[in-house]
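2 protein chains.
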Amino acid sequence: MNIILLERQELILNTVLLTDRRANHLVKVLQVSSGDSVRIGIIDGPQGFGTVTEICRHYPFQVRLEVQFPEEIKQDPEEKPFIDLLLALPRPIMLRRIFSQAAALGVENIFITHAQRVEKSFWNATLLNEEEYRPHLLQGLEQAVDTRVPKIHIHERFKPFIEDVLPEKARDYSHLLIAHPDSIAPLKNVILEKPEKILVAIGPEGGWIDYEMERFAESGFLAFSLGKRILKVDTAVIAIHGRLSERRDSFTF
Amino acid sequence: MNIILLERQELILNTVLLTDRRANHLVKVLQVSSGDSVRIGIIDGPQGFGTVTEICRHYPFQVRLEVQFPEEIKQDPEEKPFIDLLLALPRPIMLRRIFSQAAALGVENIFITHAQRVEKSFWNATLLNEEEYRPHLLQGLEQAVDTRVPKIHIHERFKPFIEDVLPEKARDYSHLLIAHPDSIAPLKNVILEKPEKILVAIGPEGGWIDYEMERFAESGFLAFSLGKRILKVDTAVIAIHGRLSERRDSFTF
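Protein chains in written order, with the numbering used here: chain A, 32 to 284; chain B, 32 to 284.
Heads up, a few of these hints could be off.
Given that identical chains are not distinguished, each listed pair holds provided it fits within a single copy or across any two copies.
[What the hints assert, rightly or not] List of simulated lysine-lysine pairs, DSBU-like, C-alpha gap at most 35 Å:
{"id": "1", "residue 1": "K59", "residue 2": "K151"}
{"id": "2", "residue 1": "K259", "residue 2": "K59"}
{"id": "3", "residue 1": "K200", "residue 2": "K59"}
{"id": "4", "residue 1": "K151", "residue 2": "K225"}
{"id": "5", "residue 1": "K59", "residue 2": "K219"}
{"id": "6", "residue 1": "K225", "residue 2": "K59"}
{"id": "7", "residue 1": "K228", "residue 2": "K59"}
{"id": "8", "residue 1": "K59", "residue 2": "K111"}
{"id": "9", "residue 1": "K182", "residue 2": "K259"}
{"id": "10", "residue 1": "K111", "residue 2": "K259"}
{"id": "11", "residue 1": "K190", "residue 2": "K59"}
{"id": "12", "residue 1": "K228", "residue 2": "K190"}
Everything labelled a hint here was simulated from the structure, so no lab data went into it.
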């Protein structure tokens with residue numbers, strides 16, 4: 032936990048009383064004392080510092096912080112995530128990891144839809160409820176020191192999603208990309224200028240079927256390949272995020 | 032399991048009898064029939080095809096394969112991994128994931144050493160024994176369809192490693208790099224020509240200490256930064272592998 036994240040409504044004037052795993056972390060891991068300062072952030076809001084004003088070191092742990100938001104740690108707009116993900120619903124154990132890892136790497140939106148090779152039972156996962164997935168997103172932000180929670184958009188039916196929802200969303204992007212092992216285009220052939228905002232589609236285990244690839248192509252997605260190695264979806268998400276970030280860096284001076 | 036990996040000594044003439052989780056996979060997941068062909072590979076050897084000649088579908092499962100190694104699936108030397116990892120020993124649960132993910136992404140060598148911020152108890156992990164870690168490496172290869180097992184080099188003491196072992200190894204690399212959040216150099220500033228072979232050092236949770244950074248600098252390592260976000264080591268390994276791969280691709284035509 033490299034930043035303590037607070038819900039806005041937890042703040043009373045400029046103080047907050049922590050009693051949960053965040054208090055536990057401050058007392059047991061960071062072993063803070065009264066007067067110490069720790070990094071804090073309001074979820075989907077500014078970052079700042081919290082000064083420990085009261086502390087109970089016995090279980091149940093409690094820590095009271097007085098918070099400040101100095102001007103100088105305003106976030107750099109250049110660091111706003113420029114990658115959105117479009118995933119065929121992965122198996123829940125993998126999706127959980129993807130939520131926290133994607134939040135850590137920085138993405139603004141994650142679209143989740145169906146695909147032929149997605150097991151139908153995955154749609155029953157409790158993880159698809161916000162109260163279940165939000166903690167995993169927050170964990171990623173706590174790791175990476177960010178406050179911007181990725182927005183999750185769940186569209187269980189592929190056809191209405193790609194025909195009715197995606198065309199409007201697509202306008203927000205400079206690049207619509209789809210990872211596909213059959214493609215022979217490396218990333219650099221589909222990103223020819225600095226990407227402002229990328230939506231990248233990543234298929235299920237076994238890949239998208241031809242019908243799905245055609246629908247994506249019709250929607251303006253360009254296929255690219257990462258080479259012949261077949262990666263698990265969670266590994267692919269991170270590797271692709273790294274590659275897109277590096278490709279974007281190549282256009283800055 | 033996208034390829035069935037065989038130890039060379041399992042082959043009797045050109046047949047092999049599988050009785051373990053590979054037989055289980057063929058019978059239960061792939062549901063092969065007699066005459067079917069599956070992708071196989073000799074560990075640290077060639078890839079080929081196995082034709083099912085006998086099959087027992089009842090527990091304990093057995094599958095006999097007759098194997099062939101056609102000329103046409105010789106591996107492309109361009110695809111030989113060009114990245115080696117140098118890691119401060121991560122916690123075992125994370126190291127296990129790194130072993131399989133690094134094998135899936137493709138690395139040739141993984142050096143593991145100590146650092147000030149590595150918990151001493153991690154060195155007691157049974158995972159540091161070859162019979163424990165090898166299955167995780169093979170899992171990654173089975174996923175990615177490769178036969179080349181990454182070589183693991185364990186050097187428990189940092190100083191002898193960096194002073195006595197590393198200087199000789201360093202000659203094998205075109206680039207010696209170290210990921211460090213305090214650096215302001217993006218990757219593209221430390222990789223100015225097509226990398227033939229990269230050794231990239233990735234620190235422990237909390238990072239390398241100044242003393243360690245100085246020793247790496249003396250050994251010729253150039254520091255680079257991935258930005259301000261703090262990543263877990265296992266996420267960082269994949270993200271850095273992706274960035275290095277993309278950077279290298281930028282030099283090919």
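How the hints compare with the structure:
When the C-alpha separation of K59 and K151 is checked against a cutoff of 35 Å, the pair qualifies only between copies, where the shortest distance is 19 Å, while the shortest distance within a copy is 42 Å. Within a single copy, K259 and K59 get their C-alpha atoms only as close as 46 Å, which misses the 35 Å cut-off; across copies the closest is 26 Å, which meets it. Taking the shortest Cα distances, K200 and K59 never come within 35 Å of each other, neither inside one copy (45 Å) nor across copies (41 Å). Proximity of K151 and K225 under a CA criterion of 35 Å is satisfied in neither setting, with 38 Å inside one chain copy and 45 Å between copies.
Taking identical chains as interchangeable, the C-alpha atoms of K59 and K219 are never at most 35 Å apart, the minima being 47 Å within one chain and 40 Å between chains. With identical chains, the CA atoms of K225 and K59 are never at most 35 Å apart, being 45 Å at best within one copy and 47 Å at best between copies. Neither within a single protomer nor between protomers do K228 and K59 lie at most 35 Å apart by alpha-carbon distance, with minima of 41 Å and 43 Å respectively. For the identical chains of this complex, K59 and K111 are intra-copy neighbours only, at 33 Å inside a copy versus 46 Å across copies, given an alpha-carbon limit of 35 Å.
With identical chains, the CA atoms of K182 and K259 are at most 35 Å apart both within one copy (32 Å) and between copies (21 Å). Taking the shortest Cα distances, K111 and K259 sit within 35 Å of each other both inside one copy (31 Å) and across copies (12 Å). In this homomeric assembly, K190 and K59 come within 35 Å of each other (Cα to Cα) only across copies, at 32 Å, whereas the closest approach inside a single copy is 50 Å. For the homomeric pair K228 and K190, the shortest alpha-carbon distance inside one copy (24 Å) is at most 35 Å, but the shortest distance between copies (45 Å) is not.
Hint compliance for this structure: hints 3, 4, 5, 6 and 7 are not met, and every other hint is.
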